[in-house]
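*Asks:* Here the protein sequences come in this chain order: A and B. FYI, the numbering for the first sequence is 1 to 48, going by this note's numbering. FYI, the numbering for the second sequence is 1 to 544, going by this note's numbering.
Source of the hints: derived by calculation from the structure; they are not laboratory data. Even for Gly, the Cβ is constructed at its ideal location relative to N, Cα and C. Treat the hints with care, as some may be off.
[As the list claims (entries may be wrong)] Partial chain B-side listing against chain A, Cβ under 7 angstroms, derived:
#, residue
1, Ala239
2, Leu300
3, Ala301
4, Ser304
5, Glu307
6, Phe353
7, Leu354
8, Gly448
9, Asp450
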Amino acid sequence: MNWQGWIFMLIVWGLVGCLFFYSFYHILFDERVQNKSVENKRKKRSMK
Amino acid sequence: MTNKNTRERWKTKIGLVLAMSGNAIGLGNFLRFPGKAAENGGGAFMIPYFIAFVLMAIPIMWLEWTQGRFGGMRGHGTTPGMFQAMWKSRVAKYVGVIGIFIPTVIVVYYTYIGSWTLGYSVYSLLDMLPKVDQSSLHPGMSPQEISVLILKPFDDFRSGYTGVVSGEFLKVQFFTYFIFISVLIISIWLLARGISRGIEILAKIAMPMLFVIAVILVIRVFTLGHPVSGEYGPLDGLAFLWEPTWFIERNGQQVFVLLDPKTWLEAAGQIFFTLSLGFGAIQCYASYLYKDEDVVLTGLATTSANEFAEVILGGSLAIPAAAAFFGIAAAQVIASQGSFYLGFTSIPAVFGFLPAGNLLGALWFLLLFLAALTSIVAMAQPMIAFLEDEIGFTRRQAAIVLGIFWFVSSHICIFLRGGWQVMDFWAGTFGPPLLALIEVILMMWIFGGDKIWKELHRGAVLPVPRFFYYTAKYITPVFLGIILLTWFYQNIAVPVFRGSFLQVALEGVEMGWAVWTTRLFLICLFGGLCVLVYLAWRGREAPE
Numbered sequence: 001m002n003w004q005g006w007i008f009m010l011i012v013w014g015l016v017g018c019l020f021f022y023s024f025y026h027i028l029f030d031e032r033v034q035n036k037s038v039e040n041k042r043k044k045r046s047m048k
Numbered sequence: 001m002t003n004k005n006t007r008e009r010w011k012t013k014i015g016l017v018l019a020m021s022g023n024a025i026g027l028g029n030f031l032r033f034p035g036k037a038a039e040n041g042g043g044a045f046m047i048p049y050f051i052a053f054v055l056m057a058i059p060i061m062w063l064e065w066t067q068g069r070f071g072g073m074r075g076h077g078t079t080p081g082m083f084q085a086m087w088k089s090r091v092a093k094y095v096g097v098i099g100i101f102i103p104t105v106i107v108v109y110y111t112y113i114g115s116w117t118l119g120y121s122v123y124s125l126l127d128m129l130p131k132v133d134q135s136s137l138h139p140g141m142s143p144q145e146i147s148v149l150i151l152k153p154f155d156d157f158r159s160g161y162t163g164v165v166s167g168e169f170l171k172v173q174f175f176t177y178f179i180f181i182s183v184l185i186i187s188i189w190l191l192a193r194g195i196s197r198g199i200e201i202l203a204k205i206a207m208p209m210l211f212v213i214a215v216i217l218v219i220r221v222f223t224l225g226h227p228v229s230g231e232y233g234p235l236d237g238l239a240f241l242w243e244p245t246w247f248i249e250r251n252g253q254q255v256f257v258l259l260d261p262k263t264w265l266e267a268a269g270q271i272f273f274t275l276s277l278g279f280g281a282i283q284c285y286a287s288y289l290y291k292d293e294d295v296v297l298t299g300l301a302t303t304s305a306n307e308f309a310e311v312i313l314g315g316s317l318a319i320p321a322a323a324a325f326f327g328i329a330a331a332q333v334i335a336s337q338g339s340f341y342l343g344f345t346s347i348p349a350v351f352g353f354l355p356a357g358n359l360l361g362a363l364w365f366l367l368l369f370l371a372a373l374t375s376i377v378a379m380a381q382p383m384i385a386f387l388e389d390e391i392g393f394t395r396r397q398a399a400i401v402l403g404i405f406w407f408v409s410s411h412i413c414i415f416l417r418g419g420w421q422v423m424d425f426w427a428g429t430f431g432p433p434l435l436a437l438i439e440v441i442l443m444m445w446i447f448g449g450d451k452i453w454k455e456l457h458r459g460a461v462l463p464v465p466r467f468f469y470y471t472a473k474y475i476t477p478v479f480l481g482i483i484l485l486t487w488f489y490q491n492i493a494v495p496v497f498r499g500s501f502l503q504v505a506l507e508g509v510e511m512g513w514a515v516w517t518t519r520l521f522l523i524c525l526f527g528g529l530c531v532l533v534y535l536a537w538r539g540r541e542a543p544e
């Protein structure tokens, strides 16, 4: 693969990979997101 | 309309993200993307692809999530009710019919195509696919020799499996039909179990499995070395996919790839298809969210999961595997033959040359089946939601009614020549950009851009850059308008000027009564859905 191919591939993989890990990091480990999930569970219980 | 307080909800955030990713990740990620990229300039194709991703896909995705949550809080899981809630016009709910027409048509033919992957997986596991002659492949073979000597038995097998044309009909094997019925029953059973007990559990099992299988296959492909000749290996496949080709041949002429409208249309079409935008399915899944659930982050997560599966995993499987065994010239010819040739003809032949090739083949088709099954249930869910929310059926009744319709109408795809191609043309190619354009205008201009922006941010942990507000309001509708105008010019205006409009089918298949029958079915389905919407709203508006 020539240098242009490597650059295109690494840029695109980098962008997609960063977006993937950034969003999943927040969903799995961000405290604010986790607290919201707990709130929603409480709401669901209270609806029952 | 269902009571908004008794409406089903996603049980976990990760389940929601995986289910939404399952909706987006389908056969297109592993079969369509590599072929389109290779055909349209390789690395150069990624420029229009990512421009379409930022200017069109991300804004539409967030708008659809927001619209879905907004509708769900008012007891509507499908676009007729959502459009009506956002646009106080009598026609709004009928315009919204497009959002249940598209996924319902797609599910009819996609289930059949998805069932091929399960059938192939079984055949491969039982080592019943055609055998390759190890001595027949040698360095220096031309693409034509490879097509005739290596790939033809696999292509003939595929024709036999998917149906041999006999006049206006297709002759289909019993096994093909049996597997289709099995997939149909599995899908209906999952839908009848509901959102959290059916679709969410499926996603939690299928999506991690899909990623693990894809990683195993990618590792296997990149450890092939140089199996046939020292001159080519899997990295040459990556080079074929990623090295930018700035000038390509179109209709016998050399064109600069970034100035050719076809490249932009292909890139935008791929983005639409891969993210299931304008299908009405995202809104339906999002309607089962809580009022303050974060749609910004979850939407971004599902989009990134889909792109990860497409660009990184999908791009590293089929083309590099074909290039490693057959060389770049043959891989180019294979890619130009279309997605099914790549996935169902070339890949089984490649695995046929490897030890335990039948197991690798079974894994490859299982990967495709998992991708297809999660998309099938996502496409079927809008009709279930419509029957539940607007007509008042229980989930079980809705699943049975949809199942009967699904079973009967699938026979058009199984036994009529060109049946699924006609459905794919109208529901899979023309429909999504049209629905997306309507959605964007409805939300950003009729309902109000500021209101939808506020709605999008409710419960969001991360703020969306203001850039996307202006993009959604001004650039995205223009982008979509250009796509639709170009589509209209190429598919309607040019054939009308040439006088071939009624002689040559727009759908890319030979004209015949089978094509007209399928078109009539689509018209009747759309009309029937409009009548159902009319009856549902009449009942609601009638004085007590």
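*Asks:* It remains to establish, for every hint, whether it holds in the given structure.
*Replies:* Results of checking the hints against the structure:
1. Ala239: holds (4 angstroms)
2. Leu300: holds (5 angstroms)
3. Ala301: holds (4 angstroms)
4. Ser304: holds (4 angstroms)
5. Glu307: holds (5 angstroms)
6. Phe353: With a closest approach of 23 angstroms, the phenylalanine 353/B hint is violated.
7. Leu354: Result: violated, 23 angstroms to nearest chain A Cβ.
8. Gly448: violated (26 angstroms)
9. Asp450: Status violated, d = 24 angstroms.
This entry does not satisfy hints 6, 7, 8, 9, going by the numbered hints stated previously.
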